[in-house]
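Asks: Residues per chain, in single letters:
Number of protein chains: 2
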Amino acid sequence: MKEGKYEHAPMVVIKRLPRYYRYLGELVEHKVERISSQSLADMMGISASQLRQDLNHFGEFGQQGYGYRVEDLYQEIGRIIGLEREYNMVIVGAGNLGQALANYPNFSKRGFTLKGVFDINPKLIGLRLRDNEIMDIDKLEEFIRTNEVSIVIITVPKEAAQEVADRMVRAGIKAIWNFAPVDINVDPSVILVNEHLADRLMVISFRLQELGFYD
Amino acid sequence: MKEGKYEHAPMVVIKRLPRYYRYLGELVEHKVERISSQSLADMMGISASQLRQDLNHFGEFGQQGYGYRVEDLYQEIGRIIGLEREYNMVIVGAGNLGQALANYPNFSKRGFTLKGVFDINPKLIGLRLRDNEIMDIDKLEEFIRTNEVSIVIITVPKEAAQEVADRMVRAGIKAIWNFAPVDINVDPSVILVNEHLADRLMVISFRLQELGFYD
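Keeping their order, the protein sequence lines are chains A and B.
Numbering (the numbering used here) for the first sequence: 1 to 215.
Numbering (the numbering used here) for the second sequence: 1 to 215.
Take the hints with a grain of salt, since some may be wrong.
Which copy is meant is left open, because identical chains are indistinguishable; a pair holds if it fits in one copy or across any two.
Said to hold, decoys possible - Lysine to any residue pairs mimicking SDA-like chemistry, simulated, CA-CA at most 20 Å apart:
1. K115 x E60
2. K174 x R207
3. K5 x Q75
4. K31 x V182
5. K158 x R110
Calculated directly from the structure, the hints in this document are not laboratory data.
Bound-form chain A, shown alone:
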């Protein structure tokens, strides 16, 4: 794929692609062969024009009067997202959250392979998490290089998150998904997603108020 092929696509639209992919995957599972843009949009709670506009950023899909071939659109969106590739990941921080993510079933299903889990705590090092043994964080840099790891999930305490991120960047990691409750900063050439779990609660509190539960 050429660099920046979809660089005109706004981030907000890109963030919707996994959702399209999930809904289409369900339709495929239910053996639905074709669907109109209106029906797909209804399922997803958006307007049909929004749906068409979103997809137009990535190519021409569907036919007037016919709609979309579900399987084709599913495959195509998977390809746009980059799911025909396999991505190697590591988790740094083998506490509860790291262990939970190591066992999360939907990552490997999408082609994201967990290659290793690391921690600094000698009591955890050597323990097994399903297919992975918890390794000493000192071995992290070498591991990343020899295992072609491109994504690191950071689940260390917030005090340690920036240092871990810096080490990872020096070791050549390409993307960081940070769960430590602190915004870390890295060179803009590295893809960084800071996970803000409390944001979701705030959306819930907004909606609780809007629905008048707290008059």
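Start from chain A and add chain B according to the hints.
Replies: Chain B alone, transformed into the frame defined by chain A:
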């Protein structure tokens, strides 16, 4: 607050409110007193017109040629989100993810108070997680009523998620945040957020491709 006061605000804008709130909170911490819409927009990686358009959904903020009073806008957005209230939560499922969320520091900071953690596993019942003892799921309904719990976080295995959700709805819960990797369905009068962690990895894989890492 009147019901549906901001019902014209699109969900995509509502989802950005916590982010505005976080950035403004950082400015408050750094004792910044005022900021132009351009500077705030730059910090957040959006355009100034997007920022003004977003905020216009909720009222009139800032002054031409002066910008925003940081503390005022911070307080105001907190009020719009509903953060002047306290919300009681429970977690159902005391595995790794439930335990991680029970210890997540940023929830209580925002006024979301964890009142209890529940599980079905006799080996876990009675154990303490910081301020909470893990309780038997059989006591859940009564607990929700007597403790005025409005939000439930579901971290049970996916096979059990729908049943737990149904029980919670019958017990009068108002909002569900579901981490089980399955979409659950509830009456539309209940606020439901299905957490799709794999979606974030898909956005990362899209961006890895776009940046040409995999040519």
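Asks: Return the numbers of the hints above that this structure violates; sort them in rising order.
Replies: Violated hint (a single one): 1; every other hint is consistent with the structure.
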